[in-house]
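One line per chain: the protein sequences are W and X, in this order. Going by the working numbering, the first residue of the first sequence is number 130, and it counts up by one from there. Going by the working numbering, the first residue of the second sequence is number 130, and it counts up by one from there.
Don't read these hints as lab results, they were simulated from the structure. Incorrect hints may appear among the rest.
Claimed, not checked - Residues from chain X that keep clear of chain W, each with C-beta distances beyond 12 Å, as calculated:
#: 1; residue: H378
#: 2; residue: C413
#: 3; residue: L471
To be verified - Cut-off 20 Å, straight-line C-alpha distance, at most; resulting in silico cross-link-like pairs (SDA-like, lysine to any residue):
#: 4; chain 1: X; residue 1: K162; chain 2: X; residue 2: V469
#: 5; chain 1: X; residue 1: K475; chain 2: X; residue 2: D163
#: 6; chain 1: X; residue 1: K470; chain 2: X; residue 2: F429
#: 7; chain 1: X; residue 1: K316; chain 2: W; residue 2: Q203
#: 8; chain 1: W; residue 1: K256; chain 2: W; residue 2: G376
#: 9; chain 1: X; residue 1: K321; chain 2: W; residue 2: Y205
#: 10; chain 1: W; residue 1: K171; chain 2: X; residue 2: K554
#: 11; chain 1: X; residue 1: K200; chain 2: W; residue 2: L326
#: 12; chain 1: W; residue 1: K158; chain 2: W; residue 2: K470
#: 13; chain 1: W; residue 1: K256; chain 2: W; residue 2: E388
#: 14; chain 1: W; residue 1: K321; chain 2: X; residue 2: Q203
#: 15; chain 1: W; residue 1: K200; chain 2: X; residue 2: L272
#: 16; chain 1: X; residue 1: K321; chain 2: W; residue 2: Q203
#: 17; chain 1: W; residue 1: K554; chain 2: X; residue 2: P264
#: 18; chain 1: W; residue 1: K316; chain 2: W; residue 2: W535
#: 19; chain 1: X; residue 1: K554; chain 2: W; residue 2: E214
Unchecked claim - FRET-style restraints, in silico, Cβ to Cβ:
#: 20; chain 1: X; residue 1: D384; chain 2: W; residue 2: R551; range: 35 to 45 Å
#: 21; chain 1: X; residue 1: D384; chain 2: W; residue 2: S216; range: 40 to 50 Å
#: 22; chain 1: X; residue 1: F516; chain 2: W; residue 2: K157; range: 37 to 47 Å
#: 23; chain 1: X; residue 1: D284; chain 2: W; residue 2: K404; range: 24 to 34 Å
#: 24; chain 1: W; residue 1: R493; chain 2: X; residue 2: Y482; range: 41 to 51 Å
C-beta atoms are modelled at their ideal positions from N, C-alpha and C, and glycine is treated no differently.
Number of protein chains: 2
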Amino acid sequence: MSSMNIPQSSFPRVIVIGGGFGGIALAKKLSKKDIQVVLLDKHNYHTFQPLLYQVSTGGLEPDSIAYPIRKVLQGYPNFYFRLAEVSRIDTALRKLETNIGDIQYDYLVIATGTETNYFGNKNIEEKGMAMKTIPQSLNLRSLILENFEQALLTDDLHERDALMNFVIVGGGPTGVELAGALAEIKKGILPKDYPDLDTRRAQINLVQGSDRILPAMSEIASSKAERFLEGLGVHVWKDIRVTDYDGKHVTTDTDISFEAATLVWAAGVKAVCIKGLDADDLLCRGNRLKVNRFHQVEGFQEIFAIGDVGQMETEAFPHGHPMMAQPAIQQGENLGENLVKLVENKPMKPFVYRDKGSMATVGRNKAVVDLPKFKFQGVFAWFVWMFVHLYFLIGFRNRVVVFINWVYNYIRFDREARLIIRPFKKTYQVSKSRKAVS
Amino acid sequence: MSSMNIPQSSFPRVIVIGGGFGGIALAKKLSKKDIQVVLLDKHNYHTFQPLLYQVSTGGLEPDSIAYPIRKVLQGYPNFYFRLAEVSRIDTALRKLETNIGDIQYDYLVIATGTETNYFGNKNIEEKGMAMKTIPQSLNLRSLILENFEQALLTDDLHERDALMNFVIVGGGPTGVELAGALAEIKKGILPKDYPDLDTRRAQINLVQGSDRILPAMSEIASSKAERFLEGLGVHVWKDIRVTDYDGKHVTTDTDISFEAATLVWAAGVKAVCIKGLDADDLLCRGNRLKVNRFHQVEGFQEIFAIGDVGQMETEAFPHGHPMMAQPAIQQGENLGENLVKLVENKPMKPFVYRDKGSMATVGRNKAVVDLPKFKFQGVFAWFVWMFVHLYFLIGFRNRVVVFINWVYNYIRFDREARLIIRPFKKTYQVSKSRKAVS
Chain W
130 MSSMNIPQSS
140 FPRVIVIGGG
150 FGGIALAKKL
160 SKKDIQVVLL
170 DKHNYHTFQP
180 LLYQVSTGGL
190 EPDSIAYPIR
200 KVLQGYPNFY
210 FRLAEVSRID
220 TALRKLETNI
230 GDIQYDYLVI
240 ATGTETNYFG
250 NKNIEEKGMA
260 MKTIPQSLNL
270 RSLILENFEQ
280 ALLTDDLHER
290 DALMNFVIVG
300 GGPTGVELAG
310 ALAEIKKGIL
320 PKDYPDLDTR
330 RAQINLVQGS
340 DRILPAMSEI
350 ASSKAERFLE
360 GLGVHVWKDI
370 RVTDYDGKHV
380 TTDTDISFEA
390 ATLVWAAGVK
400 AVCIKGLDAD
410 DLLCRGNRLK
420 VNRFHQVEGF
430 QEIFAIGDVG
440 QMETEAFPHG
450 HPMMAQPAIQ
460 QGENLGENLV
470 KLVENKPMKP
480 FVYRDKGSMA
490 TVGRNKAVVD
500 LPKFKFQGVF
510 AWFVWMFVHL
520 YFLIGFRNRV
530 VVFINWVYNY
540 IRFDREARLI
550 IRPFKKTYQV
560 SKSRKAVS
Chain X
130 MSSMNIPQSS
140 FPRVIVIGGG
150 FGGIALAKKL
160 SKKDIQVVLL
170 DKHNYHTFQP
180 LLYQVSTGGL
190 EPDSIAYPIR
200 KVLQGYPNFY
210 FRLAEVSRID
220 TALRKLETNI
230 GDIQYDYLVI
240 ATGTETNYFG
250 NKNIEEKGMA
260 MKTIPQSLNL
270 RSLILENFEQ
280 ALLTDDLHER
290 DALMNFVIVG
300 GGPTGVELAG
310 ALAEIKKGIL
320 PKDYPDLDTR
330 RAQINLVQGS
340 DRILPAMSEI
350 ASSKAERFLE
360 GLGVHVWKDI
370 RVTDYDGKHV
380 TTDTDISFEA
390 ATLVWAAGVK
400 AVCIKGLDAD
410 DLLCRGNRLK
420 VNRFHQVEGF
430 QEIFAIGDVG
440 QMETEAFPHG
450 HPMMAQPAIQ
460 QGENLGENLV
470 KLVENKPMKP
480 FVYRDKGSMA
490 TVGRNKAVVD
500 LPKFKFQGVF
510 AWFVWMFVHL
520 YFLIGFRNRV
530 VVFINWVYNY
540 IRFDREARLI
550 IRPFKKTYQV
560 SKSRKAVS
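With the hints as constraints, model all of the structure from the sequences given.
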């Protein structure tokens, strides 16, 4: 027995670090094979990250976009899940060190994904909000609601405005979708919830460092999304980089500045590194691990990296595949099949990415879709976006609950999960009130 | 303007402390009247407490049993909600002191409900779990799941058993319903989620201080509920009082003791007191405030107490009405109508409680119902229990989401919200593992 109480078996042991899109897709391919699979994750659930912004904005609850990893693995023989954080890889001894003990591997798959990259800006890291995990998304939800409750308590118009203002940094899908959702809340919910507050003054600013939002999509998608956002009242700022934030004042590399009690940082990610593999020559920009066409980390036969954390440089994708769900899923499936081949001493199949396109939603009836051969925007795109997201959600119950919530929110212009379950208390205090709302 | 930014109006101001069943029922009766209503609560949502045990056991998410108070009050003119904690009542100046400033009242309604009563036992308060609020229920959910993850890591059978054992103290509806739900999880989910753990060894103990569980219900309900629980494998202990707990060892006033990493204390409540009104002569047993037939707190014309916090001693109920949703709702409605009469200088109507009965559920197809003239148990009682709970849930979307989840859980013998969103980390460490799972 290892110290994790996982029995030794005659089958080779594959350890997968991370139960995201890549890790789960891989695990499913290894079910019912003569391979022992140990899946490690620091959460006991898989997170459907594309819908985190709906958790932050009170449209969905965590359970509808999270799925117990143990349930995914139910009925798979030779599968072991452990709630663990990996601290180091000992590549010489083929051993992982974790907070619940050490464990040997025959094959190791790193599928740890990404975390927020603040590019060294400690102030933004401390005072700003991220939206990469469910707890972070719930914190953001609490903060937004707390700020509006605080805004009621001050007569200082300057301060009140700051409490109602949002700065979202980063014009990728996360930033665009969050900005659109906030704009809809501003229009549909705030005036009814806060009749004694002039919520029309609330400003939603989306700040993008380059010359267009959704830079990974087509130009038509970018310009349509921008027009959709502006139609919803979002201020889109381009070619501006946020440089600092003290919890209230947002400074940029231009003479434009903002006053906002809520800053959401969605302007960068970096792959999650594990000690023991972080030699400079293995890492690309953003901490990604260089891998070959079989997902093998450079210099290792038995260590693989898939999803956001792996960087496979191909002719079509000289800087690696996009950091999205689709490449992670396809890589997980490919590697799963290859591991079976490897164990059976058959030749592995190099990975080929089938681009299925990308999409982003701005608001009701407003989405942009880029398919490889066809691009469209608007109502139909919005229905496609919903259908695809429901399809890729794990779990029948999750799909039904999300669908019901979407129908309800659509018909009623509402989002009922606007609950401060765990107060976040990061907001600055209004000068007139003597103590924080707790 | 008060320091809470609530405008002075020509209407009398009623302040309601607490957005529970009583406070919300009262507020609804005051809509569209010439009365300014200020509702204060430390949460921004109403909690449907009877279903908290389903949040703890992963059957439901918070949003389906919580409802934004601001949404309840949407469209009511002259209504103000503030997220605030009241620290003191100044009865002489008719003023409340809160964490967001002071505020004057013309009429004050105390509807603060109850909190857990540990009867001075600091160890149980520190090491045990309560289930009176949504955050507490989520903490209990996390702890239960964390304990099973920990149980996997030890080879010490004694320790492993303790991690899988539950002691629920208090045989009222909360204790009975939680014990039943845990028994169903033990049977339906644990063996599939933890195939490498002998989950049959998990023990669910329900400890009741008196000679029958559900003592507020009929004898037939008590005995049937006990039989249902035992059929599910719950150990029901009667005439035993838990005296101490160190996080692992549970001692009682007999020579029976338990080893359990999870102790849930559902054995007592006390009314939530606010300073300024806690003169001994106003308080009954359990901190309740003595009130007359018009809910007026003894000695005051303008201060009222409803729901669990008020004790109205009548011939039928010499120790006050039962501390349940129904009396609170009826009292809220009665006081709401009376406040309108009071403002219009009409005579108030004394409160008469219409007993609609009580009920508790043990598990699938197993519930007990006492109606005033009719008592029944089993499948039909279970359907009645579900119907009544869906009916009293606030919000159409909540009803649909709860219903969908119940249908799914019933058909699939499942509870998918078994997510450790916020780790609780109160569990003791198994000796072999070197660090807590974080």
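Legend entry - Structure-inconsistent hints, enumerated in ascending order: none
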